[in-house]
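All residue numbers for the sequence shown refer to my numbering, where the first residue is 107 and numbers rise by one.
Please note: incorrect hints may appear among the correct ones.
Claimed, not checked - FRET-style restraints, in silico, Cβ to Cβ:
1) Asp174 / Glu197: 31 to 37 angstroms
2) Glu200 / His116: 15 to 21 angstroms
3) Glu197 / Glu171: 31 to 37 angstroms
4) Glu187 / Gly157: 29 to 35 angstroms
5) Glu186 / Tyr142: 18 to 24 angstroms
6) Glu200 / Asp175: 32 to 38 angstroms
7) Asn152 / Glu182: 29 to 35 angstroms
8) Leu161 / Trp198: 25 to 31 angstroms
9) Asp132 / Glu155: 26 to 32 angstroms
10) Leu169 / Thr190: 18 to 24 angstroms
No wet-lab data here; the hints were simulated from the structure. For every residue, glycine included, the Cβ atom is placed at its ideal position computed from N, Cα and C.
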Amino acid sequence: MRYQRVHWRHGLAEFPVVLFSEIDGDGWETRKVDEYADGHLDLAGNGIETGRTFLGLDRVPSLDEINDDRQFLAEEITAEEFDTVWSKAMEWFELT
Numbered sequence: 107m108r109y110q111r112v113h114w115r116h117g118l119a120e121f122p123v124v125l126f127s128e129i130d131g132d133g134w135e136t137r138k139v140d141e142y143a144d145g146h147l148d149l150a151g152n153g154i155e156t157g158r159t160f161l162g163l164d165r166v167p168s169l170d171e172i173n174d175d176r177q178f179l180a181e182e183i184t185a186e187e188f189d190t191v192w193s194k195a196m197e198w199f200e201l202t
């Protein structure tokens with residue numbers, strides 16, 4: 107597994123500003139958390155989808171490919187960092 111955080115630079119309140127992903131060895135998202143500018147979270151994975159968040163329909167590009175688009179700033183994070191955000195999102199929806 108690999109884990110990433112992508113900051114999405116835009117001015118649209120209806121779209122997330124930070125996207126957290128857990129990605130398997132074949133490049134597919136297995137879990138995802140979207141964070142919005144107002145602080146609310148949505149998540150997808152393990153049979154769960156909240157809000158408008160769902161797992162990607164295509165393989166996740168590399169960090170370099172994501173960063174080629176100036177509206178995104180992608181970086182690798184640890185499994186622990188992802189799990190912290192995942193747990194927070196699960197608590198948000200009382201899914202723990």
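### Message
Verify the CB-CB distance for Asn152 and Glu182 against the hinted window 29 to 35 angstroms.
### Response
This hint is violated: roughly 22 angstroms between Cβ atoms.
### Whether the CB-CB distance between Glu200 and Asp175 falls inside 32 to 38 angstroms
This hint holds: roughly 35 angstroms between Cβ atoms.
### Query
Leu161 and Trp198, beta-carbon distance inside 25 to 31 angstroms?
violated, 18 angstroms
### Cβ distance range 31 to 37 angstroms for Glu197 and Glu171, holds or violated
For Glu171 against Glu197, whose Cβ atoms are near 33 angstroms apart, the range 31 to 37 angstroms holds.
### Query
How does the Cβ-Cβ distance of Glu186 and Tyr142 compare with 18 to 24 angstroms: does it lie in that range?
Holds: the Cβ-Cβ distance is about 23 angstroms, inside 18 to 24 angstroms.
### Message
Against the range 31 to 37 angstroms, how does the distance between the Cβ atoms of Asp174 and Glu197 compare: consistent or not?
### Response
holds, 35 angstroms
### Task
Just tell me: holds or violated, for the beta carbon distance of Glu187 and Gly157 against 29 to 35 angstroms?
Given range 29 to 35 angstroms: violated, Cβ gap about 22 angstroms.
### Query
Falls inside 26 to 32 angstroms, the C-beta gap from Asp132 to Glu155?
violated, 21 angstroms
### Task
Determine whether the Cβ-Cβ distance between Glu200 and His116 falls within the hinted range of 15 to 21 angstroms.
29 angstroms Cβ-Cβ, so the 15 to 21 angstroms window is violated.
### Message
Does the beta carbon distance between Leu169 and Thr190 stay inside 18 to 24 angstroms, or does it fall outside?
### Response
holds, 20 angstroms
When held up to the earlier numbered hints, the structure conflicts with 2, 4, 7, 8, 9 and fits the remainder.
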